[in-house]
Amino acid sequence: MILRVKKNLKLADAIWQMEIEGDFPYNKVQAGQFINIRVGQGHDHLLRRPISIAEVRQDEGYLTIVYRVVGQGTKWLSRLEPDMPLDILGPLGNGFTVEEGKYSLIVGGGIGIPPLYELAKRLSAKVDRLDIILGFRSEHDVFWIDRFKKLASVDLFTEDGSLGTKGFVTKGISEILADKERHIENIYACGPIGMLSAIKGLIGKLQIGGGASLEERMACGVGACYGCTCMTTNRESKRVCADGPVFSWQEVDL
Amino acid sequence: MQVDMSVNLLGLKLKNPVMPASGCFGFGKEYSKYYDLNKLGAIVVKATTQKARLGNPTPRVAEVTCGMLNSIGLANPGLDKVLSDELPWLKSYSLPVIVNVAGETVEEYCSVVDRISRSKLAHAIELNVSCPNVAQGGLSFGADSKVLSELLKRVRGVCSLPLIVKLSPNVTDIVEIGLAAQEAGADAISLINTLIGMKIDINTGRPVLARKVGGLSGPAIKPVAIRMVYQLADVLKLPIIGIGGIYTAEDVIEFIMAGASAVQIGTANFTNPMAMPDIIDDLERYMKEKGIKDLDQIRGCAL
Ligand SMILES: Cc1cc2nc3c(=O)[nH]c(=O)nc-3n(C[C@H](O)[C@H](O)[C@H](O)COP(=O)(O)OP(=O)(O)OC[C@H]3O[C@@H](n4cnc5c(N)ncnc54)[C@H](O)[C@@H]3O)c2cc1C
Ligand SMILES: Cc1cc2nc3c(=O)[nH]c(=O)nc-3n(C[C@H](O)[C@H](O)[C@H](O)COP(=O)(O)O)c2cc1C
Ligand code: FES
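The listed protein sequences derive, respectively, from chains A and B.
According to this note's numbering, the stretch in the first sequence is residues 1 to 254, in order.
According to this note's numbering, the stretch in the second sequence is residues 1 to 303, in order.
Worth flagging that the hints you see were computed from the coordinates, not collected in a lab.
We put the beta carbon where it would ideally sit given N, CA and C, even for glycine.
One should not assume that every hint holds.
Computed beta-carbon distance windows for the label pairs [stated by the list, open to error]:
#1 B:K146 to A:M84: 55 to 65 angstroms
#2 B:G291 to A:P85: 28 to 38 angstroms
#3 B:M274 to A:E159: 23 to 33 angstroms
#4 B:A302 to A:G61: 46 to 56 angstroms
#5 A:P192 to B:K81: 48 to 58 angstroms
#6 A:G161 to B:K39: 54 to 64 angstroms
#7 A:P82 to B:T172: 53 to 63 angstroms
#8 A:M84 to B:Y34: 39 to 49 angstroms
#9 B:K33 to A:G209: 20 to 30 angstroms
#10 A:G40 to B:K81: 36 to 46 angstroms
Derived pair list, reagent style PhoX-like, types lysine-lysine, alpha-carbon separation capped at 25 angstroms [what the hints assert, rightly or not]:
#11 A:K150 to A:K102
#12 B:K29 to A:K28
#13 A:K238 to B:K29
#14 B:K212 to B:K237
#15 A:K238 to B:K212
Bound conformation, chain A alone (with noise of 0.2 angstroms):
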């Protein structure tokens, strides 16, 4: 489908914020789906580019994207200007479970964070205690953190220490579960693989619901090509595009 950009501004470092408005299933968004976009034109890129859905805004018709320019179709995005066709495919792939009165924890490292915007929103409206750490190389790398503290309290780490604590997310995520008057039941993660998989260590054999937002590389990005598989604990293959982006812990391997 054709929308049209809205607004394109630049947030951070390499980092742009992409509003997007037109006909689109704002209502049938879930958190953490993605939109699949062609960029380029002609044969100029043949595979369209997956991001996150970073907040829908039904009552006011137009979603947002944050992304990171990483390479050819990322830097053709950040030269759109307000007016310009987008054409994309979406909302795809299965996200997150939003689950009423869990006490639930939001774990996102650097470009992963975006989808756990529109996540965070939901969920703070329908769980009593919600908890955010957000993890970034540097300070030159943050974005939306005073987006994030309008609705929970936002732990924030950075590799080099320059902003927040110094260290990796899994530093909070540790003292969270080792304390005994916190008793975390989801813990939602979208970020680098490493991070991801640390997670699921520290969660070992917890029963701990919530889920894990995976990236692949795509090709088709709806389910066809079986080019984005990922690997379950009892060795099945799934695909990240139309099974996932997002698994549950017990069920992917990372």
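Knowing the structure of chain A, use the given hints to seat chain B with the ligands on it.
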């Protein structure tokens, strides 16, 4: 002007010459959410093997200039699941169903073809002979005319359906291979499968695909495909299904002029899920504009 896009292929009546290329359309379910599959000339499903295959490690797809690389590794749910969960669903469509079969040994090919033939769930078999032959140290069945003949003779014995043989372009002389396939009992030829390629990430200095090499598809391979279809159409009596880099109705016309009876479309589905219905509509419009009443009028005209 009324135009007739229909094609009679191996006794099957196709509404139009357009069908998906194996591996680029799953078993049809995903794209059925975008349009009515009855729009297509036929459906070709993912390669089916005896046992379920997980395929190669990821990353197993990459974008390159005017094309893409894949090293999926024939991932599929295996024959039992394909027969029980995938093919029955396609019965609700009035479409010829072509099942792509792959294997690592002659025995595997035969046993899969045998069970699909007898299942009544398929109208034709497409034999993917680009697979590595375990007995020959991994060289593909389609790379050697003697090995290919041997395979086809054995498969022919158990195949009661029309047999399409899908050739690999990674050979020295496609004509020799095509003639061997015709001789050994193929009913039709489809080509081309992917060309072997590689991409290196210059930031890491490492190949992008986990398996290092992968099959190149998309517009980049179309001239090679046109050349090979043309060469075979010149010498074979069998119908030919042209495959490789088709993105537009004009591309379809080019393959038909090179001698193809029908075409398959792969990578274009990824760029645009509506690629095939759009191309079919455009083809009809093109034929009307150019006064082409039916495809026989132009088929093989370049030969
Ligand atoms: C489900 C999902 C959600 C994502 N959400 C976001 C998001 O919200 N914000 C964001 O900045 N990025 C996100 N990504 C990563 C994003 O898809 C890539 O950064 C982007 O495709 C890079 O395109 P490029 O042309 O700039 O880079 P290039 O490196 O030139 O791309 C070449 C090819 O590799 C693919 N590719 C490169 N990096 C990745 C990657 N990390 N993951 C998957 N494919 C990749 C591209 O799609 C393209 O096909 C997401 C990925 C997935 C799978
Ligand atoms: C992701 C992907 C998976 C494929 N899987 C198969 C397969 O299972 N069996 C097969 O015979 N060919 C397979 N192919 C090859 C295609 O059917 C086709 O021959 C090739 O992609 C060229 O056509 P195109 O340029 O239109 O994509 C695959 C191609 C791609 C891109
Ligand atoms: S990208 Fe094709 S199956 Fe996921």
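Hint by hint, here is what the structure shows:
1. B:K146 to A:M84: 55 to 65 angstroms: 58 angstroms, holds
2. B:G291 to A:P85: 28 to 38 angstroms: Taking Cβ atoms as reference, G291 (chain B) and P85 (chain A) lie about 34 angstroms apart, which means the hint holds.
3. B:M274 to A:E159: 23 to 33 angstroms: 44 angstroms, violated
4. B:A302 to A:G61: 46 to 56 angstroms: 51 angstroms, holds
5. A:P192 to B:K81: 48 to 58 angstroms: 34 angstroms, violated
6. A:G161 to B:K39: 54 to 64 angstroms: Since G161 (chain A) and K39 (chain B) have Cβ atoms about 59 angstroms apart, the given range 54 to 64 angstroms holds.
7. A:P82 to B:T172: 53 to 63 angstroms: 55 angstroms, holds
8. A:M84 to B:Y34: 39 to 49 angstroms: Hint violated: Cβ distance 24 angstroms, outside 39 to 49 angstroms.
9. B:K33 to A:G209: 20 to 30 angstroms: For G209 (chain A) against K33 (chain B), whose Cβ atoms are near 29 angstroms apart, the range 20 to 30 angstroms holds.
10. A:G40 to B:K81: 36 to 46 angstroms: Distance hint for G40 (chain A), K81 (chain B) holds at roughly 38 angstroms.
11. A:K150 to A:K102: This hinted pair holds, its Cα atoms lying about 19 angstroms apart.
12. B:K29 to A:K28: Holds - the C-alpha atoms of K28 (chain A) and K29 (chain B) are around 20 angstroms apart, at most 25 angstroms.
13. A:K238 to B:K29: It holds: about 16 angstroms lies between the C-alpha atoms, which stays within 25 angstroms.
14. B:K212 to B:K237: Violated - the C-alpha atoms of K237 (chain B) and K212 (chain B) are around 38 angstroms apart, more than 25 angstroms.
15. A:K238 to B:K212: This hinted pair holds, its Cα atoms lying about 22 angstroms apart.
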